[in-house]
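Take these sequences, add in the hints, and give me the full structure.
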Amino acid sequence: MSFIDYRETIKEGDTAIVFLGHESMFPVKVQHGGKTQTKYGVIRHSTDLIGKRYGSKVTCSKGGWVYILHPTPELWTLNLPHRTQILYSTDISLITMMLELKPGSVVCESGTGSGSLSHAIIRTIAPTGHLYTVEFHQQRAEKAIEEFEEHKVGHLVTVKNQDVCKNGFGITHLADAVFLDIPSPWEAIGHAKSALKREGGRICSFSPCIEQVQRTCLALEEHGFAECNTLEILLRVYNVRTISLPLPDLGKGTGGNARGESDQGSPSDQGASSAGLQQGNAQFKSGVPPREMVGHTGYLTFATKSLF
Amino acid sequence: MEGSPEPASPGVIREGDFAVLKRDEVFKAVAVARRRKIVFEKQWFCLDNAIGHIYGTTFEVTSGGTLQPKNRVQEAATETKEAGADNRNIVDDGKSQKLTHDDIKALKDKGIKGQEIVQQLIENSTTFRDKTEFAQHKYIKKKKKKYEAVITIVKPSTRILSTMYYGREPGKINYLRYDTLAQMLTWGNVRAGNKMIVMETCAGLVLGAIMERMGGYGSIIQMYPGGGPVRAATSCFGFPGSFFQTLYDFPLSKVDSLLSGTFSLKKLPLESEENTAVAEESNGSVDDKPVSVQEADTECSAEIAAEDRQPEEQEIMDIPTEGDAFEDSKAKGTTHDKLKKQEERQKKLIEAADLLKEKNADGLIVASRFHPAPLLLSLLEFVAPSRPFVVYCQYKEPLVECYTKLREKGGVINLKLSETWLRNYQVLPDRSHPKLMMSGAGGYLLTGITVINESVKSGDCSEQTDEEPTSKKRKLQEQR
Chain A
1 MSFIDYRETI
11 KEGDTAIVFL
21 GHESMFPVKV
31 QHGGKTQTKY
41 GVIRHSTDLI
51 GKRYGSKVTC
61 SKGGWVYILH
71 PTPELWTLNL
81 PHRTQILYST
91 DISLITMMLE
101 LKPGSVVCES
111 GTGSGSLSHA
121 IIRTIAPTGH
131 LYTVEFHQQR
141 AEKAIEEFEE
151 HKVGHLVTVK
161 NQDVCKNGFG
171 ITHLADAVFL
181 DIPSPWEAIG
191 HAKSALKREG
201 GRICSFSPCI
211 EQVQRTCLAL
221 EEHGFAECNT
231 LEILLRVYNV
241 RTISLPLPDL
251 GKGTGGNARG
261 ESDQGSPSDQ
271 GASSAGLQQG
281 NAQFKSGVPP
291 REMVGHTGYL
301 TFATKSLF
Chain B
1 MEGSPEPASP
11 GVIREGDFAV
21 LKRDEVFKAV
31 AVARRRKIVF
41 EKQWFCLDNA
51 IGHIYGTTFE
61 VTSGGTLQPK
71 NRVQEAATET
81 KEAGADNRNI
91 VDDGKSQKLT
101 HDDIKALKDK
111 GIKGQEIVQQ
121 LIENSTTFRD
131 KTEFAQHKYI
141 KKKKKKYEAV
151 ITIVKPSTRI
161 LSTMYYGREP
171 GKINYLRYDT
181 LAQMLTWGNV
191 RAGNKMIVME
201 TCAGLVLGAI
211 MERMGGYGSI
221 IQMYPGGGPV
231 RAATSCFGFP
241 GSFFQTLYDF
251 PLSKVDSLLS
261 GTFSLKKLPL
271 ESEENTAVAE
281 ESNGSVDDKP
291 VSVQEADTEC
301 SAEIAAEDRQ
311 PEEQEIMDIP
321 TEGDAFEDSK
331 AKGTTHDKLK
341 KQEERQKKLI
351 EAADLLKEKN
361 ADGLIVASRF
371 HPAPLLLSLL
381 EFVAPSRPFV
391 VYCQYKEPLV
401 ECYTKLREKG
411 GVINLKLSET
421 WLRNYQVLPD
431 RSHPKLMMSG
441 AGGYLLTGIT
451 VINESVKSGD
461 CSEQTDEEPT
471 SKKRKLQEQR
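Heads up: the protein sequence lines correspond to chains A and B, in order.
Counting from 1, one number per residue, gives the positions in the first sequence under UniProt numbering.
Counting from 1, one number per residue, gives the positions in the second sequence under UniProt numbering.
Take the hints with a grain of salt, since some may be wrong.
Computed footprint of chain A on chain B, listed as stretches where at least three residues anywhere in the stretch have a Cβ under 8 Å from a Cβ of chain A [as the list claims (entries may be wrong)]: (1) 46-60; (2) 176-185; (3) 190-199; (4) 238-248; (5) 253-259; (6) 445-454.
Computed list of chain A residues with no C-beta within reach of chain B, every gap over 10 Å [unchecked claim]: (7) 34; (8) 84; (9) 130; (10) 139; (11) 142; (12) 149; (13) 152; (14) 167; (15) 184; (16) 213; (17) 236; (18) 244; (19) 306.
Everything labelled a hint here was simulated from the structure, so no lab data went into it.
Note that the structure is predicted; figures quoted are calculated from it, not measured.
Positions of the beta carbon are idealized from the N, C-alpha and C atoms, including for glycine.
Quick look at the structure:
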């Protein structure tokens, strides 16, 4: 296992994802002699996990079973221990593309938070890029370092415990991209500018409130950033369902020319006798949006630093 | 800093580069060449002067078709002093502008700088001083856009090319909006070192995006319909040659035989010949202009070809693609060369078949104009367990069908049908709001993860029950 390349089999020390059912999963650290409790019973690491292929079905003690999945930044985002609010994959996707991240990119990030975005950045810039991430909360910074080591990506990331607004990112003219997710990003724009390469680079700031965006945009303009663009992305998930709508009784049943307009065309001639009461149903498959959805995470403001 | 930096320095525009021209929100991909006339946004110019400058430099187009680098500093020149409070006394009599249409044309013909024309328009507007400060701002911005011919030359990237395609030629990429493409790359866990399978009819844009994210590490097998893969958009990225060494292609029409074990090289069509024919045909159809990238697409679909004919859409790119040049020289080449090329192709094809036969790909990305269900059901066979797959479709219904069929077949979990909405904002002091128009359609995605599909029969029903909503599902959705 590694967050930056796929392995076929599960080994000691791996972080694996236990998949129980529809979007119900959790991470597990694989250890000899280790045990994990699930609602289907216990999983014994030595016999049930180690040496098995990722993607296998594992039968638990009570006879129920789960799937064991290879970790990815996306699965980690859904399962990581929250120390802060985190960014989810919908925003992360747009950030990654609009910051033009790719293998070899040097990226600055602040704050590190729970490391949701950090893992996604590391995945994208590996094997030759580097992430400099700054977190002013000491405990969170330490926890992040620990996690990166555990996930075998420590060599691709440097965590600094300092205040980005006061002390910057600790590098100058090295970065291809800067990402800010802090309460007052406008105070860090100057530091972002000097962290970016001389010939330019991209910047993104994530803020939940429009007032923050306003101040950030002004600061970006003052520091000579161009192509300032604010976006918001929303995810709409559809549940696939078979839906059955009853056909209304318009009193036509006894007339003999009852014509169901359903897809099945079921109430035909022979059913005419009972049609008066039971007209039948029309069935179809549909993607049904959930009753509630996430309406706002944050505004994403992007800009370009060019030479001038 | 604008002199002539050493050729090795990165970010410098060089001859032979693939670049993108940008004017406001409009993009056009070009190949940088000397003494070549380029038409962009109703203006023509040569890129000769741009060579040696840094990417991101803004140029002013002079009447002679040359480019003058423009500093951003001078912009704050048009300061406004007087301004009205509201528009209660502003009447639209159509006479507020004292300059006539002919006057303006005369100014333009004299070769006067756009900035000065804008200044004259302001001075000759009787209502300008009564407009509110915001309205004055808007007026200047509008006039600048019209008269100040400035273009910026930027480096191609997935961000820029996918925005360009969605803005100018969405039909070519099946209306795949750039934020949807971004989701595909993330959910597909596209990264260096992967072995990816791609089936796309998006002019090679999706392929290019994947290549950018893989940075030349790992391998990609592109499945193609018809006579050969379309890579018009791929060539706009300007990838180094090394990126193409581990890029393979495999004809879709041979997938069945590969899966059933009856695949043999003998039955393969002579693809290179077909391609040559297509290239020659299109060469004849476009006058003296270098073959525009679109022509390579024409074989793809008559429906899309129809859109090509709109002159406006022709403007998007002006690149003689590598592929075309390649085909061109081949057409003229000797039979010996032809044979050699064909041998190479065959060799690469065998390699592609071998890679597929291992059935251990790290992911599958589908974005095409074909019905996704049969593609998905077959191509997933080549993917290893515990790997993500992503299917794009312009419409939701085919993905609902995919969902149902995959559930019946098994071997996949965590199926999710989704769509993203993208909203653009205007952010200005006291004038922040969502932009007036937003894109209403960017397509749909079906994502999932492969698993080992043991005991197909018994596994089926239990899987169904296991995947039914649990109490945790709602909780997770709420978190998201």
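Here is how each hint holds up against the structure:
1. 46-60: Three-residue rule met by the segment 46-60 of chain B, so holds; n is 4.
2. 176-185: With 6 residues close enough to chain A, the hint holds.
3. 190-199: holds (count 4)
4. 238-248: That given contact is violated, which follows from only 0 residues of the segment 238-248 of chain B lying within Cβ reach (below 8 Å) of chain A.
5. 253-259: It is violated: at least three residues are needed, and the segment 253-259 of chain B offers just 0 whose Cβ sits closer than 8 Å to chain A.
6. 445-454: Our answer is that it holds, as 5 residues pass the Cβ test (under 8 Å) against chain A, meeting three.
7. 34: At roughly 20 Å from the nearest Cβ of chain B, residue 34(A) sits farther out than 10 Å, so the non-interface label holds.
8. 84: For residue 84(A), whose nearest Cβ neighbour in chain B is about 14 Å away, the distance exceeds 10 Å, so it holds.
9. 130: holds (14 Å)
10. 139: holds (23 Å)
11. 142: Fine: 25 Å to the nearest Cβ keeps residue 142(A) off the interface.
12. 149: Holds, since 20 Å exceeds 10 Å.
13. 152: holds (14 Å)
14. 167: Correct as stated: the minimum Cβ-Cβ distance to chain B is 28 Å, above 10 Å.
15. 184: holds (16 Å)
16. 213: violated (6 Å)
17. 236: Since the minimum Cβ distance to chain B is about 5 Å, residue 236(A) lies within 10 Å and the statement is violated.
18. 244: It holds; residue 244(A) is separated from chain B by about 15 Å at its closest Cβ, greater than 10 Å.
19. 306: violated (3 Å)
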